[in-house]
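Asks: One-letter residues, chain by chain:
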Amino acid sequence: MSSIISLSGIHKYYGDYHALRGIDLEIKQGEFFSLLGPSGCGKTTLLRVIAGFEDVSEGVLLLDGANMARVPANKRPTNMVFQSYAIFPHLTVGQNVAFGLRKKGLSKADMAAAADEALTMVGLAGYGSRAAHALSGGQRQRVALARALVLKPKVLLLDEPLSALDKKMREQMQSELRRLQRQVGITFILVTHDQEEALIMSDRIAVMFEGEIAQMASPQELYRRPATRRVGEFIGVMNFLEAKQTGTTEKAVSFDVEGLGNAEISVDQLPEGARATADVVGLRPEALSILFEGQNPTGRVADATVQDLAYYGDMTYYEVTLEGSSTPVTISMKNLISRPVLERGTKTRVQWDERSLVIFAA
Amino acid sequence: MLLLLAVPLATIFAFSFWTQDFLNIDHTFTLKNYQEAFSDPIYRAIMLRSVTIAGAVTVVTVVLAFPIAYFVSFHVRPERKAFWVFLITIPFWTSYLLRAFLWKVILGFNGVLNSGLLWLGLIDEPLTFILYNSNAVVITLAHAFAPFTILPIYVALEKIDRSLLEASQDLGEGTVRTFFRVTLPLAMPGVIAATLIVFIPTIGDYVTPRLVGGPDGLMIANMIQTQFLKLNNAPMGAALSVLAMTAVTLISLVFLFANRRFLK
Numbered sequence: 001m002s003s004i005i006s007l008s009g010i011h012k013y014y015g016d017y018h019a020l021r022g023i024d025l026e027i028k029q030g031e032f033f034s035l036l037g038p039s040g041c042g043k044t045t046l047l048r049v050i051a052g053f054e055d056v057s058e059g060v061l062l063l064d065g066a067n068m069a070r071v072p073a074n075k076r077p078t079n080m081v082f083q084s085y086a087i088f089p090h091l092t093v094g095q096n097v098a099f100g101l102r103k104k105g106l107s108k109a110d111m112a113a114a115a116d117e118a119l120t121m122v123g124l125a126g127y128g129s130r131a132a133h134a135l136s137g138g139q140r141q142r143v144a145l146a147r148a149l150v151l152k153p154k155v156l157l158l159d160e161p162l163s164a165l166d167k168k169m170r171e172q173m174q175s176e177l178r179r180l181q182r183q184v185g186i187t188f189i190l191v192t193h194d195q196e197e198a199l200i201m202s203d204r205i206a207v208m209f210e211g212e213i214a215q216m217a218s219p220q221e222l223y224r225r226p227a228t229r230r231v232g233e234f235i236g237v238m239n240f241l242e243a244k245q246t247g248t249t250e251k252a253v254s255f256d257v258e259g260l261g262n263a264e265i266s267v268d269q270l271p272e273g274a275r276a277t278a279d280v281v282g283l284r285p286e287a288l289s290i291l292f293e294g295q296n297p298t299g300r301v302a303d304a305t306v307q308d309l310a311y312y313g314d315m316t317y318y319e320v321t322l323e324g325s326s327t328p329v330t331i332s333m334k335n336l337i338s339r340p341v342l343e344r345g346t347k348t349r350v351q352w353d354e355r356s357l358v359i360f361a362a
Numbered sequence: 001m002l003l004l005l006a007v008p009l010a011t012i013f014a015f016s017f018w019t020q021d022f023l024n025i026d027h028t029f030t031l032k033n034y035q036e037a038f039s040d041p042i043y044r045a046i047m048l049r050s051v052t053i054a055g056a057v058t059v060v061t062v063v064l065a066f067p068i069a070y071f072v073s074f075h076v077r078p079e080r081k082a083f084w085v086f087l088i089t090i091p092f093w094t095s096y097l098l099r100a101f102l103w104k105v106i107l108g109f110n111g112v113l114n115s116g117l118l119w120l121g122l123i124d125e126p127l128t129f130i131l132y133n134s135n136a137v138v139i140t141l142a143h144a145f146a147p148f149t150i151l152p153i154y155v156a157l158e159k160i161d162r163s164l165l166e167a168s169q170d171l172g173e174g175t176v177r178t179f180f181r182v183t184l185p186l187a188m189p190g191v192i193a194a195t196l197i198v199f200i201p202t203i204g205d206y207v208t209p210r211l212v213g214g215p216d217g218l219m220i221a222n223m224i225q226t227q228f229l230k231l232n233n234a235p236m237g238a239a240l241s242v243l244a245m246t247a248v249t250l251i252s253l254v255f256l257f258a259n260r261r262f263l264k
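Each protein sequence line maps, in turn, to chains L and E.
1 is the number of the first residue of the first sequence in my numbering; add one for each residue after it.
1 is the number of the first residue of the second sequence in my numbering; add one for each residue after it.
FYI, nobody ran anything at the bench for these hints, they're computed from the structure.
Everything numeric in this text was worked out from a predicted model, so none of it was measured.
Hints are not guaranteed to be accurate.
[What the hints assert, rightly or not] A partial selection of chain L residues facing chain E, derived with a Cβ cut-off under 7 Å:
1. F53
2. M80
3. K103
[What the hints assert, rightly or not] Here's a subset of chain L near chain E, in silico, CB distances under 10 Å, partners left out:
4. K75
5. I87
6. F88
7. F99
8. L157
[Stated by the list, open to error] Here are the in silico distance ranges between beta carbons for each label pair:
9. P77(L) <-> T52(E): 49 to 57 Å
10. S39(L) <-> P78(E): 19 to 27 Å
11. W84(E) <-> D64(L): 42 to 50 Å
12. T52(E) <-> E176(L): 58 to 66 Å
13. P38(L) <-> L253(E): 49 to 57 Å
14. F71(E) <-> R21(L): 33 to 41 Å
15. R77(E) <-> R230(L): 32 to 40 Å
All residues carry an ideal CB built from backbone N, CA and C; glycine is no exception.
So that you can see chain E by itself, here it is in the shape it has in the complex (with noise of 0.2 Å):
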């Protein structure tokens, strides 16, 4: 198990300071790739762009799942509460891959969408703006992860002693007041997990940005598989990749230490 995952990681790191001779890898230390990563403004760019996607993907999935996790949570039966779950989880029927053609097929510009839209009247032609840009890349990514996200604020929701909300009534506050009191900051780590379940995904997707992203919408995970196979530029996909888990792992460590300070 080890073996399998720090093997493909060592190599991958080790890849990052070598150089592409032509047809053979040079294999002298260099910190030439990660200079180039830094001063190129088009890596530089695609990987704001990455982070900037990811973290729309999870401000919209999360902002959301929460109403959709409250409903569940506080206004179903608890009879039903099971069913509901199923429910949520019924996107995952189909592949990943098949979800991202039908948004192709809905946002396209004779798509659903649009020919809904012309037929209803609503719009004279076709909105562009919603197919091959960043726009497209967020619509998609944020449905498939939805669920995923509903799920641990559910738990957390769950988890609250209703008691608690009563008591927050009982001290005089209001619906409103009680929920920014008592139920949101409850629900929190359940909260930040939904966001790092999204995050840390999203930010190294490949096959969103690729059918529904168009030129601008590509993120870094489709610039490491061009260095990779069409630029045939190994160490410089490598060191990609090494960025790429690095920019993850510092944002998703901040928000693992904002958990801990919820779960206090």
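Isolated chain L (complex conformation) (with noise of 0.2 Å):
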């Protein structure tokens, strides 16, 4: 497939700030792609740029090919879902989704047709006489929706399109944007802070902090292997483990972890320029299970006492204190019937498994 996005040593200065510093990135046709970072990171620039609302400083953008080098926001193939939504108050709902197909030259009728059509692809059938101004929160974000899609847009651009909805809003909003960009095949681009928005929703994912991107990846390469431990410690949850390493074979590098004890890893779980002297390894809530009595262990175990919980209904998490070691350390477990739910200060044991170490690159 070919890029239909592509960024190249893209900077942006506001006055003495650096806002984008040296962004690489290529999208491709048909893709989800996300923009995930705390906000100030730039990912709202790098939205607006490729938009056509900030021209860059420095650095090429090619949209399917194209310069966009003084091409104007209006005369761009590009469409935007703005976090206020920018539904036009004065207009009714039909005319806000028919707002940019004047320029199509297509009749009155035509026009009309095209606007419910894109009303009904997000759930808004018969909403075309309405005044904008009554709608809520979900419904204007359809409606901005259709506006968008409704010109049939090379890249869709979303900036935080969700995070004024409501959280079962928000979530159902979720899948109908991926079904949505399953139906109509265009690319995605997705601006959020919500690491776990961009998990479910996006093929790939870029993680920016400070103007530039950290990682770039899918979403199952960039939990389990987070490049540094910032992303680590970004996306999901993140035990740190101070680490120190002991020794290095063809096939694998041991290391003393801090209350695990002895643990080799495989070579080929390094990252590419992991430091050889890492000091920190993470490890995720759910690569650490309690042994319940009874149980039998079936990966390397540790002593431990419970500390503190929090009880999620379907899950919960514990807070242990591993033997020997003062870090607090997160479990995640699963509640099932059969299984008590531990109190403060008690002891147990804990099961890891060596391939669910993460060692970073930096």
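Once you've looked at the hints, go ahead and assemble the two chains, each given alone in its own frame, into the complex.
Replies: Given below as structure tokens:
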């Protein structure tokens, strides 16, 4: 598949402030791509650069092979769903959706038909004559989506479109957006600060910090093999344990990990450029599990004490300390009918697996 | 409060149905004043002129005020906006009467404008169409009311969510189309408010036509004053007042309905 968007060496300065620091990015046709990062990391700026609302200070932006330098926003084959939705309050829902169709030279009837079709696609059939200001948040979002999709853009840009919705609505829209994206086959670029949302929806995610892409990978890769400690911290929950390298063979590197003891890590598990003297390893909460009474261990075992717990209904998150370590470690356990929920202060055993240890590149 | 407003109004209303009988007021109910107001061409002409001048002042002010309001709202840096609004209110520092007098000085036969243009060689003899006629009234009133119109339009423009303008661009419209399809319709409540703010007081303005209007620039308020004080015909003056108020009310209602449509 060819790249629909290609960014190389994009820099953006606001006066002295260096907002984007050399972004290189290829996005494939039909991909659901997310820009993920904390606020102020430059993800929205990057989206606005692609839309044409910000000019680049340096670098080249190709959209479907065409250079976008000097192409204003209204001439680009991109459409945007704004964070505030930007629904025109003086127009009806139908007029909002048909707003961009004026340029297509359609007849009034064709325009209305196209708008109706787009509204049906987002589940708002029959809303055409309603006043735009009377809509709920979720409906506004759908109108914004219909208004952009009706123009059949090459790339749809979504600027934190779900952040203003409540949790239930957000979850519903997440799956609906995915469905829509598959249905229309348009490349979607989503900006979000919600790592869970990015994981659920995207084919590929670029994690950004301070104007740079820290890691670009599929959701699974990103979760399992975060390139840096910071990415690991940002995506999901991660435990960090001190580690000391004790030896290297051709096939494996051994570490002495705080509270867990010696661990041999296969070389294909090491990321490229991993420091030979890694002083910390990462471990996801589900990579550790509590051994309940009468359970036989299937992996390595360590002693631990429950310090605290958070009961979520389906899951319990335990905060334990390992024998010989004071670092709190989070363990997530599925709650089964046969399993008790342990109390604070309980001494227990945990089991873990060397294959789930994460070594960071830098 | 109600008393202060209602009693004079009621008195005017009552007077308009009476007649002047040399020195006394004849208290018999009659529509004679209104018949005269509608049939005498001089009243009709002056009433029409008042509406025309007020309309012209409104159009001139709003058309001139809009670009200024637009500039301050869209092109002045946010931290400077308060300063600009302050600058716009500077004309209020001198009294309205003084400003009307000053325009007389500027527009006069040997006034600032004419001497300036003569000195520059742009004209050979002083322009006479700029003072003591309705043009002078329009210029003076437009200047006096400009700040009143800039402010409501500015407020309406400030309220426009800037992402709406980006959305319009994103949907393929350039700057001009975006202005006519998004900015202007959303600024309409401000424009209509500005229109009412200018139109209502100017139609009954007395000072400016008196000072710079000359015989051709007199408006209904001057005629009402003449009736009350010079011709000693209070009932006729009262009838003209009631008619002027009715005209203002009707025209204002039209605008209010228009506003409701835009505010929807």
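Asks: Tell me, which hint numbers fail for this structure?
Replies: Failing hints: none at all.
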